[in-house]
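2 protein chains.
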Amino acid sequence: MAAQKNRQIVLASRPEGEPRPENFRLVESDLGTAGEGQLLLKTLWLSLDPYMRGRISAAKSYARGVEPGEVMVGGTVSEVVASNNPRFAAGDIVSSYSGWQEFELSDGKALQKLDSKAAPVSTALGVLGMPGMTAYAGLLTIGQPKEGETVVVAAASGPVGSAVGQIAKIKGCRTVGIAGGADKVRYLIDELGFDAALDRRDPDLKAKLAAACPKGIDVYFENVGGEVWDAVFPLLNNFARIPVCGLIAHYNDTEAPAGPDKTTRLMRAILTKRLTIRGFIVTDFADQAAAFRRDMGQWLQEGKIKHREDVVDGLAAAPEAFIGMLKGKNFGKLLVRVAR
Amino acid sequence: MAAQKNRQIVLASRPEGEPRPENFRLVESDLGTAGEGQLLLKTLWLSLDPYMRGRISAAKSYARGVEPGEVMVGGTVSEVVASNNPRFAAGDIVSSYSGWQEFELSDGKALQKLDSKAAPVSTALGVLGMPGMTAYAGLLTIGQPKEGETVVVAAASGPVGSAVGQIAKIKGCRTVGIAGGADKVRYLIDELGFDAALDRRDPDLKAKLAAACPKGIDVYFENVGGEVWDAVFPLLNNFARIPVCGLIAHYNDTEAPAGPDKTTRLMRAILTKRLTIRGFIVTDFADQAAAFRRDMGQWLQEGKIKHREDVVDGLAAAPEAFIGMLKGKNFGKLLVRVAR
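One line per chain: the protein sequences are A and D, in this order.
Here the first sequence is numbered in the numbering used here, starting from 2 and rising by one per residue.
Here the second sequence is numbered in the numbering used here, starting from 2 and rising by one per residue.
Check before you lean on any hint, since a few could be wrong.
Stated by the list, open to error - In the SDA-like style, the derived pairs of lysine to any residue whose C-alpha atoms are separated by at most 20 Å in a straight line are:
| id | chain 1 | residue 1 | chain 2 | residue 2 |
| --- | --- | --- | --- | --- |
| 1 | D | Lys147 | A | Asp285 |
| 2 | D | Lys274 | A | Ala60 |
| 3 | A | Lys172 | A | Phe240 |
What the hints assert, rightly or not - Here are the computed distance ranges between Cβ atoms for each label pair:
| id | chain 1 | residue 1 | chain 2 | residue 2 | range |
| --- | --- | --- | --- | --- | --- |
| 4 | D | Pro215 | A | Glu71 | 31 to 37 Å |
| 5 | A | Gly18 | D | Gly217 | 27 to 33 Å |
| 6 | D | Phe240 | A | Ser30 | 37 to 43 Å |
Honestly, the hints are just simulated from the structure, not real lab data.
Just so it is clear, CB atoms sit at the ideal spot from N, CA and C, and this is done for glycine as well.
Modelling step: build the complete structure from the supplied sequences, incorporating the hints.
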């Protein structure tokens, strides 16, 4: 097996505030050859997701960060080009965690073979992958939506939010989505069947959210924070549940947030309304993967769940696309088509 | 049945900040006579509890408040003086919710007969009553302490905190208590068997709490807030659970607390550490009452749970005792002996 040239995007420097293109660097290197048990993967699709902002921050989070000089991490759908591993053969399509690069030498661990006849393979990075599973497990396990309740989700046209809203509809809830811009708001209503949708930039967001939730809010799936959280907060019903999945409005914050001494109003509401606020990341619910694949696969087949992809072409486009995503520029699951 | 003179303490005016004696007024009135199905109760013991501060505040909480001119609410242990109700006979001792008064005409609903041979009847207001049940249900249901974990509780010499710590010990946890003053700290260690105890007024509270929790904090039973919450916060482990039962450090606050826009650090910790923060009040767990009575009764008999009462004499002493309790002056379950 001949040495393979590889192109990678590495972290050049840690961003302060909004990431800039110069925080990333495209490098070319020699990949080496596949050793015993190894296989050579060619990246077809690279997933860009908000959690990556946490990985390149100096602040401690739930996973090890990317150090300057290291390849950016990320989920991928890849093709097996050559294999010294009996579990995989050239031509297999797999989901992987190869990161922002065109090729990877893999030991075969943590790869999942994909059936390209069952669903487009890119869905393994979206509605049938990590974002869909995040929505499914977080909403059902922590949110526990009951028929007739009101469920609010922000970033609602994104891969997690759109799945949260549609699963809530399947469970018989009134579903209210918040998204950035009129086109996304229309999409939530016209395509995804949300009961109401609001533009997060609307200066009357608080009043309009209250009008859209005449019976208050029973589940708020938190993946945004900021002004959306402010608008949701006074509308929370007794015994409301708040799965905390992300805080994208704050990922580029440079000022240290106020400490717990400033949380009294929230804590008082938690007490008097008996709220449940619980953080999670998708891997906490790994034991639900089979149930997720069964349910989500069926809902997709039945047309009960729709999804939308936002595709950019070529590995070199990844930094700009990632920076834009943190500002809400993507419309649907953001994917980089690294190779065909 | 002759008309009965009654003495009551009514709310004279809503306190601003710390309640003052003039916010309460002792009045004498004519009780009337027991009608059909009614019974006349004589208050033996009146329970004074922190939640009462919320009832006399103008702020909305989980229960209807006491309006100026109305009798203060509160749990009591009472003797049946006369009965037109077939379920009760003169001489019966019952737990009731008669409030701050010497007598009450009751319809018999929500009364529980007490067996004075099984336990001193005052325990129905403490370790075998609402405070004990609050500790039991909140710690076990929300806190879910596991053997070897570290459980921290504040106001730890009080009726809720002392039960939380001792139940945590029974469950095999390292138990760390925080209380106000050296005598209470000694009591936690010497009498109740806490593994460590700290004075909340210690200027080195943060460092000493960190030293007392070398493996971090898995369960923080929140009934205080303020500086204790600040000290606990950085020590919370991943997947920590925080039953929110009370915020006594804030009950006399006059400034409106900061809004949810100031909660980012907390929300970020909830996310990255996958914390569970859940508010509750004891009546949410009414279905656990039988299990509570069984377990707590057995632990008391076995000497695994100890408790302490702080008794003041005469209804007229209730306002001062209540005001002092909000400053932590009581030592143990605060009771007013209204009659013998």
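Given hint Asp285 (chain A) paired with Lys147 (chain D) - CA-CA distance at most 20 Å: holds, 18 Å
Quick check: does the Cβ-Cβ distance between Gly18 (chain A) and Gly217 (chain D) fall within 27 to 33 Å? holds, 31 Å
Outcome of range test on Cβ distance (Pro215 (chain D), Glu71 (chain A); 31 to 37 Å): holds, 33 Å
With the threshold set at 20 Å, check whether the alpha-carbon distance from Lys274 (chain D) to Ala60 (chain A) stays at or below it. holds, 13 Å
Cβ-Cβ distance between Phe240 (chain D) and Ser30 (chain A): within 37 to 43 Å? holds, 39 Å
Need the status of pair Lys172 (chain A), Phe240 (chain A): alpha-carbon distance at most 20 Å? holds, 18 Å
Taken one by one, the earlier hints all hold for this structure without exception.
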